[in-house]
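Here the protein sequences come in this chain order: A and B. Sequence positions in the first sequence follow UniProt numbering and run 1 to 314. Sequence positions in the second sequence follow UniProt numbering and run 1 to 314.
Check before you lean on any hint, since a few could be wrong.
In this list, chains with the same sequence are indistinguishable; a pair is considered to hold if it fits within one copy or across any two.
Straight-line C-alpha distance at most 25 Å; calculated DSS-like pairs for lysine-lysine [claimed, not checked]: (1) K227 x K6; (2) K6 x K74; (3) K68 x K6; (4) K68 x K223; (5) K41 x K227; (6) K41 x K74.
It is worth saying that the hints were derived from the structure and are not from the lab.
Protein chains: 2
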Amino acid sequence: MSSGYKSWILLTGFILFYVAYLLLGALVFSTIERPVEDKLKSDIQVLKEEFLNQSCVNATSLENFLEKVLQANKYGISILPNSSASSNWDFASSLFFANTLVTTVGYGHTTPLSDTGKAFSIFYALLGVPFTMLVLTACVQRLMHPVTYGPISMCRQRIGLDPLTATAFHFAILLLLVVLGFFVVPAVVFSHIEDTWSFLDAIYFCFITLCTIGLGDYVPGEKPGQKFRSLYKISVMVYLFLGLMIMYLVLRAFHRMADLHGLTSFFQLPHCDEDTEEDKEPIIEAGPEDQHEAEASAKPLDPASQTSYNTINR
Amino acid sequence: MSSGYKSWILLTGFILFYVAYLLLGALVFSTIERPVEDKLKSDIQVLKEEFLNQSCVNATSLENFLEKVLQANKYGISILPNSSASSNWDFASSLFFANTLVTTVGYGHTTPLSDTGKAFSIFYALLGVPFTMLVLTACVQRLMHPVTYGPISMCRQRIGLDPLTATAFHFAILLLLVVLGFFVVPAVVFSHIEDTWSFLDAIYFCFITLCTIGLGDYVPGEKPGQKFRSLYKISVMVYLFLGLMIMYLVLRAFHRMADLHGLTSFFQLPHCDEDTEEDKEPIIEAGPEDQHEAEASAKPLDPASQTSYNTINR
Numbered sequence: 001m002s003s004g005y006k007s008w009i010l011l012t013g014f015i016l017f018y019v020a021y022l023l024l025g026a027l028v029f030s031t032i033e034r035p036v037e038d039k040l041k042s043d044i045q046v047l048k049e050e051f052l053n054q055s056c057v058n059a060t061s062l063e064n065f066l067e068k069v070l071q072a073n074k075y076g077i078s079i080l081p082n083s084s085a086s087s088n089w090d091f092a093s094s095l096f097f098a099n100t101l102v103t104t105v106g107y108g109h110t111t112p113l114s115d116t117g118k119a120f121s122i123f124y125a126l127l128g129v130p131f132t133m134l135v136l137t138a139c140v141q142r143l144m145h146p147v148t149y150g151p152i153s154m155c156r157q158r159i160g161l162d163p164l165t166a167t168a169f170h171f172a173i174l175l176l177l178v179v180l181g182f183f184v185v186p187a188v189v190f191s192h193i194e195d196t197w198s199f200l201d202a203i204y205f206c207f208i209t210l211c212t213i214g215l216g217d218y219v220p221g222e223k224p225g226q227k228f229r230s231l232y233k234i235s236v237m238v239y240l241f242l243g244l245m246i247m248y249l250v251l252r253a254f255h256r257m258a259d260l261h262g263l264t265s266f267f268q269l270p271h272c273d274e275d276t277e278e279d280k281e282p283i284i285e286a287g288p289e290d291q292h293e294a295e296a297s298a299k300p301l302d303p304a305s306q307t308s309y310n311t312i313n314r
Numbered sequence: 001m002s003s004g005y006k007s008w009i010l011l012t013g014f015i016l017f018y019v020a021y022l023l024l025g026a027l028v029f030s031t032i033e034r035p036v037e038d039k040l041k042s043d044i045q046v047l048k049e050e051f052l053n054q055s056c057v058n059a060t061s062l063e064n065f066l067e068k069v070l071q072a073n074k075y076g077i078s079i080l081p082n083s084s085a086s087s088n089w090d091f092a093s094s095l096f097f098a099n100t101l102v103t104t105v106g107y108g109h110t111t112p113l114s115d116t117g118k119a120f121s122i123f124y125a126l127l128g129v130p131f132t133m134l135v136l137t138a139c140v141q142r143l144m145h146p147v148t149y150g151p152i153s154m155c156r157q158r159i160g161l162d163p164l165t166a167t168a169f170h171f172a173i174l175l176l177l178v179v180l181g182f183f184v185v186p187a188v189v190f191s192h193i194e195d196t197w198s199f200l201d202a203i204y205f206c207f208i209t210l211c212t213i214g215l216g217d218y219v220p221g222e223k224p225g226q227k228f229r230s231l232y233k234i235s236v237m238v239y240l241f242l243g244l245m246i247m248y249l250v251l252r253a254f255h256r257m258a259d260l261h262g263l264t265s266f267f268q269l270p271h272c273d274e275d276t277e278e279d280k281e282p283i284i285e286a287g288p289e290d291q292h293e294a295e296a297s298a299k300p301l302d303p304a305s306q307t308s309y310n311t312i313n314r
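Please build the complete structure, drawing on both the sequences and the hints.
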């Protein structure tokens, strides 16, 4: 079996296993948290009725009541009637939670209520966070050629740019496309779907999400009576995964550019790692002279650049 | 000036500039958000008085009131009297917010209320997140020798272990020390300081924080009347920075071990990057034979390992 074929099978296996891991996580979170949520929901409704039935409302009774309401709200349980229909721990929401956990976004609009849920969150993230990094790295590794090396090599051949200018020019174009495709366009879509979000709110959401900060003040699909809620949540998950992949790709392209421009040497930081032969395969298909050019552009003065490709065979 | 000396001056400069960046961010966030918070706080108090003064409380009026209370609570403004004294946007809290933003932890227990605050958050994180990564990488780069290469080399010399066993043994010890020093001990401290936190809650907080998930269901120093609140918040920030550094160090040590055991080659992922000559300096001080040993242990069968150190001079 050729190395390229094996590599794609491996990647597909990774992604399928990753999806299975998310589904399993969703199932467990839903099973653990749903009964606790139902209990807390009915408790809070009883509390509300008791509060409404009392003869006089004074400051102390109101504050006691509000304290419990705010406590329940912290766990994502609202006392308002229009939001009591949807659960935070149905399958789609649990899947969304599992996804925000392993990607380290962690909005925190819903958090585990039970000790079992908290312990499982630790265990799940302990495996899930490195696994997500592995899947993202594997995907980016395979995208580096068509998105970075290929276009840079083309810039040099067609426009006749020198390696440094070609890399900088390519990075500027890549950044522009990413800002448009992963920030501006999604922000337009979100601000249309979510009634209460302005365009700034939506851009702020996209940015806070794709940096994995995940403040959680804006979370899609949380308004009461959201149409196609499950489908919407899953689409946001896909956006999140693709967005994180592209952010990582931009970061690697930037790292490579910083290497070429001597910034990493100046700051004495680790260099962007050489890629395996796998990445070079499409260049070989395009013609052997491209490969030498790409290698030359990658490390113009590096005597080790040829030999280091062999290290994958050790 | 020697390269080692220059390197330490550079690192000190980085850290000082980083602290200045955090202080500046805190100042701006506090200036922008404080007036908005005060306005919302007084609005919610007026609302509470109006609610208490009405003759009869029915379900509709209660729900309208609760909707506004929950909305304010989303922005970290509580209607409860004991929590109204402390601000979410005093200098220490703003500094803490700025820190959780640039480290991508993002608890979201306080979020910007104004459009100016949201726009500034984007701008601040846009520069701050890569800057934090740069500072962490620079610190880890300088810690890799005393924490990783040095002890591995010592294991090989003193106990006579082979490179693979020495690396695995060192990683196991490192992991144990990190779990004790950055999870168990801090969890004991947090569960003592925070009255409502169990030991599991505290471990869960440490884990969710150092993975940068930051759900925000547990945030230290948020209880009303917290003693030495500012000092406590700053201590948590130091814990966060050191913790992230050590997590990154563990990740690099793991990456290196995975390289040696052929895992990165198997999954066709980028190899752990070679370190600059800077890292090797303490080895040179210890004796030149150690250096060769360390290099041999790093890449036992890699013909490029010697030449690749020269790449920092290009």
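Results of checking the hints against the structure:
1. Taking the closest pair of Cα atoms, K227 and K6 never come within 25 Å of each other, the shortest separation being 42 Å inside a single copy and 60 Å across copies.
2. Proximity of K6 to K74 under the C-alpha cut-off of 25 Å is found in neither arrangement, the shortest distances being 47 Å within a copy and 49 Å between copies.
3. For the identical chains of this complex, K68 and K6 are neighbours neither inside a copy (56 Å) nor across copies (57 Å), given an alpha-carbon limit of 25 Å.
4. In this assembly of identical chains, the alpha carbons of K68 and K223 lie at most 25 Å apart whether taken from the same copy (22 Å) or from different copies (15 Å).
5. For a Cα distance limit of 25 Å, the shortest separation of K41 from K227 inside one copy, 23 Å, qualifies, whereas the shortest one across copies, 34 Å, does not.
6. In the homo-oligomer, the alpha carbons of K41 and K74 lie at most 25 Å apart both inside one protomer (13 Å) and across protomers (19 Å), since each shortest distance falls under that limit.
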